[in-house]
Each structure stands twice: as structure tokens, then as C-alpha cells.
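**Student:** Take a look at the letters that make up each chain.
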Amino acid sequence: MGLIIIRTTFIFITLFIVMRLMGKRQIGEMQPYELVITLIIADLACIPMGDTSIPLLYGVVAILTVYLLHQIVCIIDLGVRGAKTVLSGVPSIVLNRDGVDDTQLKKNNLDVTDLIESLRVEGYFALDAVEYALYEAEGTFSALPKKNYQALQKSLPVVLVDEGKFDEKNISLCKRDKGYFLDVIKQLGGKNEKDTLVMTVDGAGKVYWQERNKKYKVINLDWEDPLW
Amino acid sequence: MVRTIISAFITLALLLGVSFYEASYVQNKFDEFYVSLHALKRKTELGTVSYTDGLSLREFWDDHKVTMHIWIPHTVLYEIDYQLDEAIGLIYVKDLEGALPKIEVLLGLSENVPKGYTLTLGNIF
Chain A
1 MGLIIIRTTF
11 IFITLFIVMR
21 LMGKRQIGEM
31 QPYELVITLI
41 IADLACIPMG
51 DTSIPLLYGV
61 VAILTVYLLH
71 QIVCIIDLGV
81 RGAKTVLSGV
91 PSIVLNRDGV
101 DDTQLKKNNL
111 DVTDLIESLR
121 VEGYFALDAV
131 EYALYEAEGT
141 FSALPKKNYQ
151 ALQKSLPVVL
161 VDEGKFDEKN
171 ISLCKRDKGY
181 FLDVIKQLGG
191 KNEKDTLVMT
201 VDGAGKVYWQ
211 ERNKKYKVIN
221 LDWEDPLW
Chain B
1 MVRTIISAFI
11 TLALLLGVSF
21 YEASYVQNKF
31 DEFYVSLHAL
41 KRKTELGTVS
51 YTDGLSLREF
61 WDDHKVTMHI
71 WIPHTVLYEI
81 DYQLDEAIGL
91 IYVKDLEGAL
101 PKIEVLLGLS
111 ENVPKGYTLT
121 LGNIF
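The listed protein sequences derive, respectively, from chains A and B.
The first sequence begins at 1 in our numbering and counts up one residue at a time.
The second sequence begins at 1 in our numbering and counts up one residue at a time.
Be careful, since some hints might not be right.
Said to hold, decoys possible - Between beta-carbon pairs, the in silico distance windows are: (1) B:74 with A:38: 27 to 33 angstroms; (2) B:15 with A:78: 18 to 24 angstroms; (3) A:81 with B:27: 41 to 47 angstroms; (4) B:116 with A:50: 18 to 24 angstroms; (5) B:75 with A:36: 28 to 34 angstroms; (6) A:78 with B:118: 31 to 37 angstroms; (7) A:137 with B:116: 37 to 43 angstroms; (8) B:76 with A:16: 28 to 34 angstroms.
Hints are computed from structural coordinates only; laboratory data are not their basis.
The C-beta atom is built at its ideal place from N, Cα and C for all residues, glycine as well.
Using the sequences plus the hints, can you model the full thing?
**Tutor:** See the structure below:
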């Protein structure tokens, strides 16, 4: 037992020193390679701590090697032009003045629902309330709202069509049927729901509709009373 | 940037230094152990070996072992301890024919353990 206490203390001190040397980014928002290093280091530290048949030095040397690799990647990241793009990635503008950029979403393994969720976390509920939205290389989300964004999100929008498929639950929430919304799509210049990237409607009947690779359109349906 | 480069060089130097020292230290210690084992084997073959010879070898090994725990997985050292104790036990009961294969195993281990620390493709993968 005493052995494990000493070994754990030793590994803890080594890890602590190495993490401090790696800098603040390692404990905050991480680049992809930094996340990899953190995951490896955690595992490397555990093995010699728990298994007393392995020399402690093996853990220390492995941690120092990971530290060395981290420093090398940092030198390349900071010193070589263009390396940052390969090592850390670039920000992805997933929503612009034309609407949702499906290509950028797919590049980052995201879909429209993920984008809407990220927007909601930032306090923006309508897709047309935002001028630009982007995912930073380390995964954080930022959005630039339109000047009058508060006027554009008076009621909570729900998704009716998500990447070519109707959401039955939300359609029933609107107390209308699919046919009604297919007519709306045709009225906006679309053929059917299959070519639709995203279609949302809020309680007052404001529809946000966007066909794949085209600019979004917004119309107000003549609903007598707000539904929610 | 300068600090990063310096720290990278220091770490690299430290790691390379430790690696070379480990390889040479383990090789030297096992070379010395091999020579002592070989002498014990010769005496066993000739039938002149005594229990005291076995105890001297164990003492020699115990001295080496203390620092080798830093470099070698402890299970490898336990295996050598086990084989050595068996060989000494057999020498004690004058079963020299039984002791010889044990000494042979120890000779094999003394040759092969340091090889596990050399930079070869087989060891890396």
C-alpha cells in the first residue's frame, strides 16, 4: 500500500510539472492534438501507479516523451506557416447570409439539429436572427446576431423538415398536416420536402425554409392566433 | 517560442541520455552476472561446486538487483530469483544434474533480457 502511495505521489508531481509546462491551453480549450496528448497522458500515468511490477521510471519516461512530442508539435504549430491548419484545423462558418452551409456542417460531422442546438445555447432561437455562426477549431461555437435579432425571434421555432424528412411530432404540434406544409414549400419555390435542407416554423407562423445549396427564404403564414 | 525550443531540447537530451544509460547499464550488469553464472556452471559440470558458491552468487545477484529494479520490470527479476533459488537448492541437496538445466535457464535469461532493451524493429513492435 505504501508503495502505491509513493508511486502515485511521484507520478502526480511529474504530471503536474508537465501540465504546467504545457501551458494554459492544455487545461482550457484544447486543440485536437492537445486532447490526444491529455488522453494518452492520463492512461500512461495510471499504469505504473497501479501496477507495482512496472518500474516507475517507465511511466515518467513515457510522460516526458509525450511532453517532448507536445513541444515539437507546438514548435511546428507556431513556427511553420500553414501547419496550424493541418494540426489544429480552421474555423468553420456554418451559417452565413445565405443561410445554413450544409457543406461546412458535413465537413465537421454535424447536422442542422446540432447547429440549432448550438444557437439555442448561445441564446438565438431563430435561424434568420443570426448573421454568421461558426465553430472554432477547438470546437467552441460563436454567433453574430443581426441588429434586430430580438424582433426576429418572438416565438420558439420548431423544426418541420430536417434534411429532407418531416418531423411528424412537430407537424402535429402545429395542428396542420404534411400536405399543408408541402403547399408552403411549393409556394416558396421548392418541389417537396426531400430537397429541403431545413424548414422551421414558430408559433406565430413565421416559416424559415432553405433548399440544399440555396439561399433561405422566410414567409409569414396567415395564422389567426399564435399556436404557442 | 524560445522557451519551447529549449525545453524540447532539454527533454530530448534527458530522454536520450536515460535510454543509452539504461541499455548500457542493463547490458553491463547482466554481462557480469553471466560471467559468474558461467563459472558456477563449469564447477557444477566438474562436480566441484559447493553450497557456498551458490550463496556467493546469490549475494552478488542481490547487490546488482537493487538498482536493476529501476530499469527492469520486477517480474523479470522475480523469474531470475526463482530460477537461481532452485539451482542453489539443488546444489545444496547435491543434485548437480538437476541444477545444470536451471543454471542454463539463468544463462539464457542473462543473454536475452538485455537484448530486450536494444533498439531493434522486433523490440519496437
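**Student:** All hints are to be evaluated individually against the structure, with a verdict given for each.
**Tutor:** Each hint, compared with the structure:
| no. | hint | result |
| --- | --- | --- |
| 1 | B:74 with A:38: 27 to 33 angstroms | 29 angstroms, holds |
| 2 | B:15 with A:78: 18 to 24 angstroms | 22 angstroms, holds |
| 3 | A:81 with B:27: 41 to 47 angstroms | 45 angstroms, holds |
| 4 | B:116 with A:50: 18 to 24 angstroms | 23 angstroms, holds |
| 5 | B:75 with A:36: 28 to 34 angstroms | 30 angstroms, holds |
| 6 | A:78 with B:118: 31 to 37 angstroms | 36 angstroms, holds |
| 7 | A:137 with B:116: 37 to 43 angstroms | 42 angstroms, holds |
| 8 | B:76 with A:16: 28 to 34 angstroms | 30 angstroms, holds |
In summary, this structure violates none of the numbered hints.
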